[in-house]
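Last residue of the sequence shown? That's 353 in our numbering, and every number before it is there in order.
Source of the hints: derived by calculation from the structure; they are not laboratory data.
Certain hints may be false.
[What the hints assert, rightly or not] Derived pair list, reagent style EDC-like, types lysine to aspartate or glutamate, alpha-carbon separation capped at 16 Å:
#: 1; residue 1: Lys4; residue 2: Asp346
#: 2; residue 1: Lys239; residue 2: Asp39
#: 3; residue 1: Lys83; residue 2: Glu352
#: 4; residue 1: Lys197; residue 2: Glu294
#: 5; residue 1: Lys172; residue 2: Glu296
#: 6; residue 1: Lys274; residue 2: Glu316
#: 7; residue 1: Lys197; residue 2: Glu296
#: 8; residue 1: Lys308; residue 2: Glu257
#: 9; residue 1: Lys83; residue 2: Glu348
#: 10; residue 1: Lys197; residue 2: Glu176
#: 11; residue 1: Lys234; residue 2: Asp39
#: 12; residue 1: Lys234; residue 2: Asp46
#: 13; residue 1: Lys282; residue 2: Asp205
#: 14; residue 1: Lys83; residue 2: Glu135
#: 15; residue 1: Lys238; residue 2: Asp42
#: 16; residue 1: Lys197; residue 2: Glu175
#: 17; residue 1: Lys274; residue 2: Asp312
Since the model is a prediction, treat every value here as computed from it, not as a measurement.
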Amino acid sequence: MDYKILVINPGSTSTKIALFNNEDELFSENINHPQEEIDRLDNLLDEIPMRRRHVLEALEKHNVAVSGLSVVMGRGGLFPPIKAGGYTVNQNMLDLVYSGTLPVHASNLGCILADEIAKEAGVSAYIYDAESSDEFTEIAKITGMKEVVRRSLCHVLNSKAVSRWYAQSIGKKYEEINLLVAHLGGGISHSAHQNGKIVDSLSDDNGPFSPERSGGVPLMDIIDMCYSGEYTKKDMQKKVRGQGGLRDLLGTSDGREIMARIDAGDERASLVMKALGYQVAKGIAILAPALKGEFEAVILTGGLANSKYLVDTIKEYASWIGPIVVLPGEHEMQALALGGLRIVRDGEAVNEM
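Hey, can you work out the whole structure from these sequences and the hints?
Below is the structure:
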């Protein structure tokens, strides 16, 4: 039987969609949302009608009838800690996103967009390997403040997808090996994979800065800014996610533009990109103890892993830690589709909130 699987993956300034027939991708499209279009809206939830309209327009352009879909898969957001794997999009999940209590992140919209289109199609909607899938060991959860508990927030979907692919490439199962993974995208995160579980990670607000995010910043300076009277809570949230990192330091988050500036002799751009590579290497070293130094490889993945300049910098600082394997790009769309296929065709068990 053929299963038509629509995949929806919201990013900070784009919504990626793809249609699969079983394992085969029929088409994919990256719908870009200009920054000025995003800036006109007050908050993340206000983006839902705009993104939904663009998704439906893209389906129409590709002559895809919503009624022909078998299942809709959405990217999972920054929920409270949940299990890895599939979850049914239910009212509890939707209420949680609409409550406004979750950390602000475009991935939160994945379940809503999937649910709205699935209802129109008369099929089920699911998420898979959400950003907040938490498999941490107890020791990894402890911080120096009893009110604050560390939890897993990283690019679970892509990190597990490339880990499964790498394991297969060396003739092993994901559950049989240990890996360190650095996802280098609009946000950057690191994860330590031990026998099929992410046992520790560095999220995008306590690791390296990235194209649009500040990464870890000294807390005392942040406290001073929060109480200076110059910034609102919303201002500070945008500095952490959306307007930090390369966007703040160089005025753009476009890696191609930055590399063109470096090629033209821009020393500031060169220094900032070197600093980014240096911080990614530090993140790899920070997580190595989670696996007691025993792992098959360090995987660099995500869009920025296509940058030879950045990858070479990371290797310069981190090659001594272990073998570095570069698997550029994001494999989230295929990972979501395959997760959905395992649910609807193979009967893989799903969870509910």
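The hints, checked one at a time:
Taken as a hint, the Lys4 and Asp346 pair is honoured in the structure, with Cα atoms around 15 Å apart against an allowance of 16 Å. Straight-line distance between C-alpha atoms of Lys239 and Asp39 comes to about 14 Å, which keeps the hinted pair within the 16 Å bound. Among the hinted pairs, Lys83 with Glu352 is consistent with the structure: their alpha-carbon atoms are about 10 Å apart, no more than 16 Å. For the given pair, Lys197 sits about 15 Å from Glu294 by alpha-carbon distance, which is consistent with the 16 Å threshold.
Between Lys172 and Glu296 the alpha-carbon distance is near 11 Å, which keeps this suggested pair within the 16 Å criterion. In summary, the hint linking Lys274 to Glu316 is supported, as the alpha carbons are separated by about 10 Å, within the 16 Å threshold. This hinted pair checks out: Lys197 and Glu296 have alpha carbons roughly 15 Å apart, not beyond 16 Å. This hinted pair checks out: Lys308 and Glu257 have alpha carbons roughly 14 Å apart, not beyond 16 Å.
The straight-line distance between the Cα atoms of Lys83 and Glu348 is roughly 14 Å, inside the 16 Å bound, and the hint therefore holds. For the hint linking Lys197 to Glu176, the alpha-carbon distance of about 10 Å falls within 16 Å, and the restraint holds. Distance hint between Lys234 and Asp39 is fulfilled; the C-alpha atoms sit about 13 Å from each other, no more than 16 Å. A distance of roughly 15 Å separates the Cα atoms of Lys234 and Asp46; the hinted pair therefore holds under the 16 Å criterion.
Straight-line distance between C-alpha atoms of Lys282 and Asp205 comes to about 15 Å, which keeps the hinted pair within the 16 Å bound. For the proposed pair Lys83 and Glu135, the alpha carbon gap of about 7 Å is at most 16 Å, so the pair holds. Simply put, Lys238 and Asp42 have alpha-carbon atoms about 12 Å apart, close enough for the 16 Å limit, and the pair holds. The straight-line distance between the Cα atoms of Lys197 and Glu175 is roughly 8 Å, inside the 16 Å bound, and the hint therefore holds.
The straight-line distance between the Cα atoms of Lys274 and Asp312 is roughly 10 Å, inside the 16 Å bound, and the hint therefore holds.
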